[in-house]
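Kindly generate the complete structure, drawing on both the sequences and the hints.
Residue numbers (my numbering), protein chains in the order written: chain A, 52 to 152; chain B, 3 to 130; chain C, 29 to 417; chain D, 32 to 370; chain E, 9 to 174; chain F, 2 to 164; chain G, 584 to 743; chain H, 2 to 159.
It is worth saying that the hints were derived from the structure and are not from the lab.
Backbone N, C-alpha and C fix where the C-beta goes; we use that ideal spot for every residue, glycine too.
Any given hint could turn out to be false.
[To be verified] Derived DEER-like restraints, expressed as beta-carbon distance ranges:
#1 F:Ile-18 - D:Lys-89: 50 to 60 Å
#2 C:Glu-314 - D:Gly-92: 27 to 37 Å
#3 D:Gly-92 - B:Leu-36: 32 to 42 Å
#4 F:Glu-78 - C:Glu-117: 13 to 23 Å
#5 F:Asp-5 - E:Ile-34: 50 to 60 Å
#6 E:Arg-162 - C:Glu-117: 46 to 56 Å
#7 F:Ser-3 - G:Phe-719: 35 to 45 Å
#8 E:Lys-166 - B:Lys-41: 14 to 24 Å
#9 F:Lys-138 - C:Ile-339: 33 to 43 Å
#10 B:Leu-36 - D:Ile-62: 45 to 55 Å
#11 C:Glu-117 - D:Lys-89: 25 to 35 Å
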Amino acid sequence: MEVFWYLIVSSILFAIGVYGLITKRNIIRMLLSAEVIFNAALLTFLSLASLDAAYGAMGGAIVIIAISLSAAEVGVIVSIAIMMFRMRKTLDVYELRKFKG
Amino acid sequence: MEGLGLVNNVLITFSLGIVIGVGLGAIGLILGKLLAPSKDLPKKKERYECANPPQGRARGLFIMQYYPFLILFLMLEPVMIYSFLFLLEAHRYIFNVSLLFTAMVAILVSPLIFGICYAKRLELWSMR
Amino acid sequence: MSLEERELEVLIGPQHPASGHMRMIAKIDGDIVVELRPNIGYVHRSVEKLAEAKKFLQIIPLVERPSLADTTANNLAYVMALEKLLGLEAPPRAQYLRTLLAEINRIHSHLYGLGIHGVMIGSSTAYMWCFGDREPFIELAQELTGARLSYSYIIPGGVRRELPSRFTEKVEKALRYMENRMKDYFNLYLNNPVTRARLEGVGVLSKEDAIRLGVAGPNLRASGVPYDVRKVEPYAAYPDIDFDIITEKVGDAFARVMVRVKEIQESIRIIRQVLKKMPEGPILHEKYIKAISPKMREYMKETGEVKFPGIFANLRIPAGEAISRVEGGRGEVIFHIISDGKMSPYRMRMVTPSFRNVILFEHLNRGVRVADIPAIYGSLDYFPPEADR
Amino acid sequence: MQDLLSFLISLLFRPCIFIPLIFPGLTVIFIMLLMIIWLERKIAAKVQLRYGPLYVFKPLGGVIQTVADLLKDLFQEPIIPKTVDKIAFLLTPIMLFGLAYLPTVVIPVSPTFYAFRSDLSLLLLLTLTTLAPIFTVLMGWASNNKFSLIGGLREGYLVISYEIPMFLSALSMAVLYGSLDLVDIAEAQKGIWGLFLNPVAGISMLVLIYMSTGKFPFEIPEAESEIVAGAYTEYSGIMYGLVMGASYVKLYVLSLVYAILFLGGWNPLPASMMDNPLLPGAMLFAKAFILIAIGVFLRAVYPRFRIDQAMNIGWKMALPFSILAIFISLGIVTITGGM
Amino acid sequence: MWVANLDKAAKKAAAWLINKTPIRNIRDWGIAFSLWPVHFTTSCCGAEFAAAVAPKFDAERFGFLPFIGIRQCNVLFIEGTLSKKMGEAAKWVYEQMPEPKFVVAMGACGIDGGIFWNSYNIVRPKDILPVSVFVPGCPPRPEGIAQAIIMLQRKIRKGELVKYEF
Amino acid sequence: MSVDKTIRHVKALATGIKYLVSSKRMTLMYPDEIEEFPDGYRGMIKYNWDTCIKCGLCAMVCPADAMKMYISKEESEEGKKPVRRPGINYARCVFCGFCVAICPTNSLKFTKVHDVVYNTLEEQVYPPEKFREGVPKPQYKKKPKKMRAILDEERGLRYEPVE
Amino acid sequence: MSLWSNPITMIFLLSSTLSIIAAIFIVYHKSIVYSAFFLSMLGVGNAILFALLGFPIISLFHLSVYVGAAVTFILFSVAMLKEAPSVEPPIKALAVLSVIILTIILIKVLSPFSAEPSFFLNYRELTSLLVTKYWFALIVAAMALMTALIGAITIARREV
Amino acid sequence: MNFEELKSRIEEGLRELSAEISGKEPNVININVSRDKIVEVAKKLKALGFDHVKAVTAIDYPNERFEVVYIASSYSNLDLAFFLINLRTDLPYNDPTTPSLIEVWPSAFYQEHEEHDLMGIVFEGHPRMGERLLLPESYEGLPPLRKEFKIKTEGINA
Ligand code: SF4
Ligand code: SF4
Ligand code: SF4
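This is the structure we're talking about:
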């Protein structure tokens, strides 16, 4: 299977993610869409890394770190969402913005 | 059959595993649906609520009290998997590995204690 | 957020493994119980009203039914109230027999409570052991009275049966068996770290609260109030018997369990004394013996079974008021009988220990975790039919 | 005809088919399920001074009680309440069973008989078990029932508190033997078993296995006296049979893993017997079965913990102990300079 | 439409299959030895019911396992008096149980009210539920409960109680 | 984990194992063995048609209104005051034994039969004629062994066959 | 064509379909719990793709850390929240348009990479690389995680 | 403490509250008060050491009056525990209201609620008046413990 196809899949995922990110207002949904984009990025990165044996291992190491950091990011964002939900009773980012102002 | 290599062995096993695992459940479900007698009683399909008429919502219970453990887990899981990555080299680079693991534990300890102590303070973790 | 939104209302019971015959309405916030309200009345069978339509003797089985695992206390308390109104006292041997049955019953009633409590915190073995070890005592009671649980043994003026032959020996065996088993109970269940973790510090009832809320029975004594009707207002054969009031200081669920365990041991002591001191004599008041036909008196002598005199069918009680109290397995049973001289009571008020302990549900379940609800419920040894009557 | 039969048999004895289908796969799982549920009830009954299931087949003490229960489950109406989320409600039992079953394919039966050998098999196996909480939580949510939700979330919370220590305990053995390959690990224990080399890891892993499969005293997700049947409250008939089975299958798989990691797998068998998969398989199964039997025996001894106490055990005791176990392993490696 | 027909046809085929003797016998055997009563104590007879599963009488020998949720059980023991409030609950329990299911009324109260027959707050189980076995006594001895289980098993294996309807 | 706790864990497990391997059991194998009760057990009631003096005391004292005075079909004659005899309704009887205790002629007697179940409500009413015929027979597959419960220091209860 | 005969191709097709369908459901599904659930499916699909690319260890890492922890975390939080309906902004057409353009551009850009992935990441290779060379990165990542941990706990707790 | 002593002490304590005090040997002391004084009397009694209520009985004398009896005793002072104080008050038949004593004796909470439920007495100040306790929520009609509420009876003849 050529790497091209992997890249196609990843770009489709990326596009779907971007669409979600644009159209959603619920903070957790936005997070989910961002996660789709993140997955697409990982796929791209790995397929590019797999092209050359010299970069393979290093690419792997970087992806590992990226995945673990995404866990951190998820944790923080969901915590923020929970806090907002608790305080403002909504997860809608527009509503949240309103409250701030 | 003979011609297939290692990958295919893995493939056969895994697909067999998935097919059996999922298929068994599915067959069981279908059989159960077909074989069992059924009779519609008005309350049968209501939510079970200790023999009371269903009341209120059933979702949306936020067990906040143990939430810090969830965060702890989320953050420790990657670190734990890191240890899978470097600890296995212990036979070759025992010094490096030990040092690295000690460092990891050292980094880990204080947030862990912080998290567990925080989790204990129940009054902080209610949905109010 | 408003109250309804942040809390989930969970209905526990009436069909629930840990609710028994009642419903608890718990408002929970996460894993913490914000408020719990008992909703009783699922077993309300209107004993007080039915008593007004039944004759005095017929009420004996009636008042036994609400607390089936601890029938003697109710039976005794009711009959004591009648005897107060009738102005007669049972002969001493009858008093000792009453005490004997009451203590046997206390042991198996406590075992019942312990067993139910065991299953509430998930130890099926505790349940099985307790219910299994009830059986020797039920066997004894059955031999004495002729029924497994609903003895109807105590009647105005005496008791219904003479002590069976070789009963003392059998009792002694059962008591020794129980004493031996207690070690295993401690090893497997009461000293089990998991049990301790589940019970210690859970549902603490302070002494002040226990007094204020008018709690009854072992639950009261577990909070450190040495109140026991057997000592405060001794009845039956208790004045002659040497025993201690069991108390614990802490007032948590474990203390309540321990009070029961120790009371079993104390009951064993009492039973031994009772059997040793058992006087000879008739088991029914002579006034009633006289009323029985000579042929039947003969029969009574032979079999040891008391025949009722014909007047029992329509027993008339002089007008008046009587209050009697008895320390049953679950606590103090109170009968307040108002008679107007007819064949049925004018009003019979029956206050059972479980009913007085209902108030604890609300009090103890505030701010505990969800998993503590059954642990607390079990430790109260609450029997809903008794509360609902 | 003869040829076809012998071909089929030879096909069956190919590892890639034998393993998912016979041992440690389907057939043995089935037998194990039938046996172990009966055994659980019998053991509990014995400690509780009684007989347990008996009359269903009296000469053998009612061994086929579970068959009767299975038949009852099969012929019982599977109710799908109208408030539930139908797809997730039906999907989750199947997926849970599948996920519990799938790791069996990774387990080797003898040094030469395995479906596949990879230098990651332990990690793969453990990873497959981590996916289950997703379905449990989804199950609790889909049932749309208060008790189910609490049960599902409790199970999830329990998972997060045992998973890390369990991985670390397993890892400490891998560190000791320098490999993640189950075959390697088992083979390395020809002499002394892992349990004796690193007892800290062994004990904590054992406790965590019972915790992860909801055995007493950690039977919290299904604590019947609090939350009825936990996440399974709304499941009836064969669906309940599936989810019930899944937890036993999980116990079985983890016991096999434990037997390989700590109890020397098929050791100590003389090398001459290793050619045939049956004997090492039987050895492995026997070890696993003892573990399962211990697990079900605990029901007769313990009440259950509260969820917060169980989590405290996971985080405050098991985690330090498993880290300690890794240090012990590192120490052993330092002393021996690699095995 | 077509799907519905298929479904019907499959059900019909299954019904035919089920009612064939060996399968029916196996099914009835399975159900008879796997009676799981609901955990539903309606009244004081529950004390004796509890004793019936306890070591001395050990109802589990018959495959009788008191179980947790009503969705998994198939026997409903009415353990004594059914007060009006509890009667409602009993109806809920009965209706939410999966088919096939059986009801046993236990104790004098569960049959005709027993000593509480004229109380204003009770209902008779047979008025609201299809009771198949009555156990007299107040409370019935655990042997009575065992006898009820045996009777129920006999009835099931005779094919009186489990009917495949479609 | 403190030492004390560990010891207690071990003790609990040891006790469990002790019971697992010991042969203590308390179970009465019910349908094969039935318990023979001590005298005076209050089981179902036997009626002696001949000695009864039809005084009605038993019906009067019955707390559950289970014992009633039924019109005896055999003895009543047209036009005369009907003769009444006691009959029992097991659907209500609470086995309190008051009727037996009060009967002045000992016409009512307890038997030790206790494990009868019924399929219908009507079966449980025993008007005098049926009452006379005797107590219902419980159904056993094969004849059960009669056992007597013996209290035992070691095992609590054990059972011995009655000769 | 080799597309159908090669099992690798089959797996690729299956898992990429799984990923894409999961992604679509994440964005479209009404229920947010389902969305979170499908995120896990996306993770599974992606993990298989990683394995096909020759990174089995990363695939497992993805499964356990991403699916087993991060997505579980999201699913947990979401399953516990009450569902709040949210209004979607009226920019759908615009979004679709931009997305299509984006896809086309991306495909154009990516078309030169048409080589076969000729690579298999050996586990040992990666681990020794990590131990000898990138150990510092690991420590930094761990520290970052711990900081995030403290931050998340502080954020999520109730304001006192 | 013996009976007479206690009686005189109570008499002394309740002097200005116009309560009728009578005793019944060996341990029952009846105190009759009117309903507007009952709270004060209860407070006095509590101060004397009677810290809880064992039972609340309501008695119906048809078309005449209701009588409410609080049976109080002591836990904290075991000398007093032997004695039962019957605090009685009469209520007119058409207006069975009386102030609730749960402020003084919280132990009367469920007892009063029950008497409200079954006898129809209204305890003013009790937070759960109007709610059902033992009877089903849907119950309508006369409170069942009233004498007018008749239940079925059967004669001895069938
Ligand atoms: S029959 Fe007897 S024991 Fe059973 S519920 Fe009725 S009164 Fe209670
Ligand atoms: S049975 Fe006895 S009590 Fe009843 S009517 Fe006959 S003689 Fe009288
Ligand atoms: S035993 Fe009791 S309830 Fe039964 S008929 Fe005799 S008096 Fe009536």
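Hint numbers not upheld by this structure, sorted from lowest to highest = 1, 2, 4, 10, 11
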